[in-house]
Every structure is written in structure tokens, then in C-alpha cells.
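*Asks:* In case you want the letters, here they are:
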Amino acid sequence: MTTTRRDFLKVTALAGGGFTLGVSLPGAVSESQAAGTLHTPNAWVHIADDNTITLISARSEMGQGVYTSMPMLIAEELGVDIRKVKVEIAPVGEVYTNALLGGQLTGGSTSVRDGWEKLRVAGAQVRTMLITAAAQKWNIDAATLKAGDGKVTGPGGRKATYGELADAASKLPVPKDVVLKDPKDFKIIGKPTKRLDTPRKVNGTAVFGIDVKLPGMVYASLEQCPVIGGKVVSFDASKAKAMPGVIDVVQIRDGVAVVADSYWHAKKAREAVTVTWDEGAGAAIDNASMMEGIRNAKDAPTPIKKTGDAGAAMKSAAKTMQAEYWSPLLAHATMEPQNFTADYKDGKCLVIGPAQFQQGTQGNVAAAVGLKPEDVTVKTTFLGGGFGRRLEYDFAVQAAQISKAVGKPVKLLWSREDDTTHDFYRPMAFHRMAAGLDASGKPVALTFQLTSQSVTQRAFGLPKGALDPFMAEAAVVGYDIPNMTQELIEHDSGLRVGYWRSVSHALNAFANESFIDELAAAAGKDPYQYRLALLDKQPRFANVLKIAATKAGWGKPLAKGRSHGIALMEGYDTYMAQVAEISVKDNEITVHKMWVAADLGRMINPDTVEAQIESSIAFGLSSVLGSEITLDKGRVQQTNFHDYPVIRMSQMPRIDVTLVKSTEKPGGIGEPATALVGPAVANALFAATGKRVRKIPLSPDNIKSA
Amino acid sequence: MTTSFNLNGKQVTVKAEPDTPLLWVIRDEIGLTGTKFGCGMALCGACTVQLDGAPIRSCQTPVSAAAGKKVATIESLSKDNSHPLQKAWIAHDVPQCGYCQSGQLMSAAALLRTNKNPSDADIENAMSGNICRCGTYNRIRAAIKSAAAEMRKA
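Residue numbers (the working numbering), protein chains in the order written: chain A, 25 to 730; chain B, 11 to 164.
In short, the hints are calculated from the structure, not lab data. Where is the CB? At the ideal position from N, CA and C, for every residue including glycine. Treat the hints with care, since some could be wrong.
[Stated by the list, open to error] Straight-line distance between alpha carbons at most 27 angstroms, and here's what the computed DSSO-like set of lysine-lysine pairs gives: (1) 265/A to 25/B; (2) 432/A to 25/B; (3) 689/A to 200/A; (4) 617/A to 79/B; (5) 195/A to 208/A; (6) 97/B to 218/A.
[Claimed, not checked] In silico contact screen, one side only, chain A against chain B (beta carbon under 7 angstroms); selected entries: (7) 222; (8) 223; (9) 227; (10) 401; (11) 409.
[Claimed, not checked] Using C-beta positions, here's what the derived DEER-type ranges look like: (12) 124/B to 614/A: 26 to 32 angstroms; (13) 79/B to 110/A: 38 to 44 angstroms; (14) 63/B to 241/A: 32 to 38 angstroms; (15) 177/A to 88/B: 53 to 59 angstroms; (16) 135/B to 241/A: 38 to 44 angstroms; (17) 241/A to 19/B: 26 to 32 angstroms; (18) 617/A to 135/B: 54 to 60 angstroms; (19) 16/B to 614/A: 38 to 44 angstroms; (20) 161/B to 614/A: 28 to 34 angstroms; (21) 20/B to 231/A: 21 to 27 angstroms; (22) 263/A to 20/B: 36 to 42 angstroms.
Produce the entire structure from the sequences given, and follow the hints as far as they go.
*Replies:* Encoded structure:
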């Protein structure tokens, strides 16, 4: 057990310490793991004798399109038709580590940035091996051979499919140095490509975690303490055990599980279980005390960046401004409620389900059921949404513990109420902003201070006082302001917190981009022109800002009752500007249209890029318009979509996306658009009403009381 | 006590207690997992199936309500994706995570049964009970219009 924990901690420490950027090439190519007719020249390509080619995605498919974009990178260099390959999600393996995050995990809009070079190299390696195998077979110079469309061809009409060459090729050494294509020769990368997972997502055959079936499988429903972190003192399951279909009622670390022959039987019987809880310290938390604690936090500030001398510049400024901003607790609310299937048997454990963090799942399941990580097999299904919630593995651990307790394969399924009340919430955030303006209204000083809770301290054991890089995201603006300080206060409010799509970009962009709008207003300037004047040294920022403003017709007369707001940010190496067009009636906002300009460098699948921007706007807008988690006596007050509303089709704005053609390295696109919706809409609200609402959500209540 | 109904054109008889939601009968007892569980309160539409052609939330419909009636799930559209809605969903690359799409498609199919040329407002009205956390709404709207156009030609 000690070894297991230490091994796992090593994994998490690696994950926690691996924030520095850098792409590691796949020197560590795994041994062939397939038998029979399947050949695995390297960890990313499986070729069968019949020329069936399977490409591996080391990233989880949760809607962002990696099931297509990762294989596109390999296929480009391998020389295969992307429409003819099969795709599998990788097992747990060192070679599948995400070099940008230091673990085998999907998040942080890193998939393309991590895979951009190494997956092309992987494809090129296999192509080179296939050509070498053909050259040896035909006893001719490899330079005379060509590979493409799943075959190697040579002079005199020589031809062999990859399948025919795969056995010989997979016995060759993996070449260290391979030559990658010139991007101008790309046939797949950068071309809009139909997603490979769509066909089975329109006929019900895509397998999500909830759809997993194992022989002899039973179903579990888990009663957890209404206060997160509370423990079972005692429970009475006598009534539940007499109910139809119930097999057993077992206690695990997080609660009491009812196991039955169907989910419905398990859930019904769970309602008949009475549990006495030790609610623990969490029972003392409520929203008011959290806000009070955050506002008065005495934790030492951690510097992010210092430019010039903001204090001195503030003193000599013609005018100074201060403002405070709040962002609320949020749940992820994936469409697929949390679930996992586990089969603990003979000292091994198989866990199958929707996971964003395979290594964490493996290590934590192993530790919880007393096995070594290598005795835990993790299989990843399609994810019915991730958004950061499935970076956690609480549900996988629970499923494994229940399976071990009852000695059967178990599918654990949470209800929507379980899901909403037992999330790892986006932390509450509080910003203190200040600025000094010169006589012309130009900012000469800016200070930024975020107080919030560090997810990374909990999730990866980041030491207190160390800068949590995920809290510093988008804290430093691109504007040319000579004197700036950015700092953060990491304050633990006692509620468990998690990474939520775009993480701190959304928090920090709301404060920064609302505040710059306030400065423009104080200076009597147009908010677009005011920003643009501060971007002389930032061509990528200025370019996207201009595009978004131009496309939206910024400054031109609008239809009656409509108004525009603008916002700008760099995140995940992507530069983005948004303009929101809204109207307001009885303090209720309608967002009619969003214009987005994005410069994310090279793109793999531009159609997916657009889809991710649309998706991010919908996700961001839900949080901006109304969803909010609140606590009373440590209990999350919201339970389902009636009190945690997310946007529906009628609230979805029309979206106009402009993608900048670029030869820069790829940036991430799964998240940044989420972060700009808040400030763009808040700035439009100011333009519409003259009211500066500094608190998300921009709900009728918050607008009224602003 | 058993309940019999027609599922996707075949007669089925199930053993589940009459108050068991149709969703769990379809998924766990019959084993058709295309229909999804999202909220259990008829708020999100992930579990949408058709009962005698009308869209219903199977998580809140007891199996007894299906007795002697026709139930259609996502699996009834077509296995080979030849239904105009499936073709349109593929053409517009609508799904992202895909979890809500069975419900979206069954709501859309019910709409097109009665309205061959739906306006934006008609579509928004018919689809407002179906949540998509990936925000594929604009593509759903466009795909429904494409499918409707194809069905009008046929």
C-alpha cells in the first residue's frame, strides 16, 4: 500500500510540477502489445494484415473533436485516408502523457498543442518503417519508393499495402530522425474534415460510460452526505434490503451504496435507507461567510507580474479608479451524470467509463481498493461532456469500492441531484482592480488582485504560497500600460473546488475586460478605440480586435434597443476578441448575436474550431445569464436544471466566427471563447443601461441591485 | 405483472413494475441504450422518445403508460443513418459530446411529422425542452431545416 501511494504521488507530483511548456518527442515508444495479425510499429499506429489501420487517440473524446483531430495529425504523415481508419482511445501508458500537463489527461485546451509535433512524428516514423520494409522486400533503394493512401509504391509497378508490410515494418527499429512534411503539402491538416464519431452519435450506438455492460453486472446508487466531505456514522438499510431487486447495501468511504438488479431498483431502495452523518467542518459554510472570508482574506499575496512602479504612477495620476468584481460558484453539469463501471476480481480491477485523467483514475482506484496501479485497467468510453468535472475520479473510486464490497461487476450511476450537489465547484472569485489615468484619460497604472481558491493545491498538492499557474491565466493584459502589478491571494474557503472550462480565464477576463471598459468610460472614449490605442506593440491582439469590431459594425447605428459590448483576451496561445449584441427588458438580457475573431495559429480541423467557439459561447453564456451555486449550512442549494438553469435553443445567440489565417504554432480552442462572454455581455449591458454590473451572473437580481 | 407495447415496430413484453420509468425499461431491461438519462425530472430532454408519434420524456413516463402503444427510440430512425435527420446531422456535423443528440433527434423527428416547413420559432418551440451543454443549438436548427427541405422534396 505504501508503495502504491508513493507511486501515485509521484504521478501527481509530476502532473503538478509539469506546467512548463515543452513538447517531448516519443522516444519512449511502447513495445508491441498486440498479438495475431495486428502490428504496432509504434504506440500510435496499429496495422492489421488486412490493411485495417487503427490510430490511437491519447486524449478523451468529450465533444471537442480529438477523436478526429488527433488521428488527422498521424494520418497526414502516415499517408492514409482519414475516412478509412479506425480510432481507439489509448490505454494508460507513459507514452500517452500530455507533455503540457505532465500526466495522461485531457484538459487545458492542450490536445492539439501537445500532439502537433509528436503525432506527426509518430506518423512519419511508421511511414518510414513501412518504406524501409518495402525496400528490403524488393531489394531496392528506399529513396525510389513512395508511401500514401495506405500503400507503398515503387518503380516497375511495385505495390504493397501497409498491411502486407506491417509485420516486417514493426520488427524494424523506430527511426529517431524523420523528416516532416512542409505544411504547404498538407492534405489533411487544416482542411475541414467530418468528425469520425458523428455517425454513431446520430443512431444511438456511441458507447458512453452509462452504456457500459459487463456480464453479470449489477447497478448501484450511492447516498452521499449532503455536506461534501461528511462521513457515515451509522445507517439502517433494513427497509431497503426488503425492496424488489436489491442485492446488497454496503458502506464505502463516501457513503452508503444500494446495489440492485437494475438502476431503478437501486435508486428506489436508496430512498428507503436512513443514514446518520458526521457532517464535519463543511457544515459551517454558507455563501455569506465565504464572501466575507474571501474579502477579508489575510493570506499573503503571491505576485504574478510587476511592470514599472504602479504605486508611484498611481500617486501622480490625474485620476484614479477602483472597482471590485465577483464571480460565483459554478457546477459543471455535464449532460451525462457521473458514472463508472468497475469489476474487482482476483486481485485485479477493471474500470470503464468517462475519464479525462486516466493516470489519476488508475492510481486512485488502486490505492482505494488496495492494488498496485498496474493491476488496475482503465478503459475510456466516450464522455457525455467533461468541462473539467471528469478530471476527477471520485465516481470511479466509488464504483471500484462497491464492486470489491459485493464481489460483482457494478455500474455506479449518480442522479442529476447527486451530480449537482457533489461537484468539484468552480471557486468563488473576488477581484480588486485599481487604475491611474493621465490627463488625457490614458491608463498609466493598473493593479490587479484576485482572491480565490487554488484548485491545484487540492488536485495536485501544489504547496501553499507557490503560484498556481491556473489562477494567473489571463491576469496580465496585453495593453501597453507602463506600470502594472498583478497578484493573487490563494484563500481556501473550505468547499472542494475543481477546474471548470476555461478555469481562471473566465474569472480574470471578466475583471480585466470590464475594468478597461470602465476606464474608457471614465476617459470619455469609445471602448473599442480606447483598447486599440493601447495595442500598438501587440499585432495579434490588435488584429482580432479590429476584425471583431469591423464584422460587428462597431460604432454604426444599431437597431432600436440593441447595444454592443466588446472584450479581448489571450488564452491557451489563442488571441480572441468578441462583440456581443444584446437587448435588455425588465432587467433581463437577451443576447442576439456574438461576433468572434480568433487567431489560434495553425488549425487542424477548422470546422471543429468553429464548433468549439460556438460551444464555448453557449457554455459561458449559461454561467453569465443565470446559473449559480449557493450554499446553506454546507449544503449545495441547487439540485437539477430547474434551479441550475443552462441556456436552451431559444437563448442561443447567432454566432459569426472569423478565423485568422496563420502559420504560428497551434493555440488551444476548447475554452478561450468561454471566458470572453462575461465581459462582452457585461460591457454591452453598460452600453445599454449605463449600469455597471460587477457581479456574475448578470441576472435580473444582480442587475437590479447594481 | 407484465407490460406489453410496440417498440420500434416489434412487440415487447417487459417484467418491470408498472411505475418504473419507461427510460429504465428501455435501457436496462430491453437493453437499447441509445436513449439517455440526463435529469430524471423531464427538464433536459435527453430521454426523449416518441409515444404514438408524440415526443415524451421517458424518465417521467411510467411503463404502464406505454401499454398497448407504439414507442419509438433513436434506434428506430435508421441503423445506417439514412433518415433525412441523421443525414442532416452528419452534414452539419452537429454532435459534439453527443450525449443529448438521441433526444434532440427524437424531438426533431416528432416536429417534422407535423410540420414539414418549420420556421425558426417553430423549431425553437419544439426543441426548447432539449438541453445541449455543448451548445450545438445553431447547428441543430440548421440541420432540421436541411432535413425538412429534403423531406419536402421526397
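*Asks:* Now, for every hint given, state plainly whether the structure supports it.
*Replies:* Evaluation of the provided hints:
| no. | hint | in the structure |
| --- | --- | --- |
| 1 | 265/A to 25/B | holds, 20 angstroms |
| 2 | 432/A to 25/B | holds, 23 angstroms |
| 3 | 689/A to 200/A | holds, 23 angstroms |
| 4 | 617/A to 79/B | violated, 43 angstroms |
| 5 | 195/A to 208/A | violated, 32 angstroms |
| 6 | 97/B to 218/A | holds, 12 angstroms |
| 7 | 222 | holds, 5 angstroms |
| 8 | 223 | holds, 6 angstroms |
| 9 | 227 | holds, 6 angstroms |
| 10 | 401 | violated, 22 angstroms |
| 11 | 409 | holds, 5 angstroms |
| 12 | 124/B to 614/A: 26 to 32 angstroms | holds, 28 angstroms |
| 13 | 79/B to 110/A: 38 to 44 angstroms | holds, 40 angstroms |
| 14 | 63/B to 241/A: 32 to 38 angstroms | holds, 34 angstroms |
| 15 | 177/A to 88/B: 53 to 59 angstroms | violated, 39 angstroms |
| 16 | 135/B to 241/A: 38 to 44 angstroms | holds, 40 angstroms |
| 17 | 241/A to 19/B: 26 to 32 angstroms | holds, 28 angstroms |
| 18 | 617/A to 135/B: 54 to 60 angstroms | violated, 20 angstroms |
| 19 | 16/B to 614/A: 38 to 44 angstroms | holds, 43 angstroms |
| 20 | 161/B to 614/A: 28 to 34 angstroms | holds, 31 angstroms |
| 21 | 20/B to 231/A: 21 to 27 angstroms | holds, 23 angstroms |
| 22 | 263/A to 20/B: 36 to 42 angstroms | holds, 38 angstroms |
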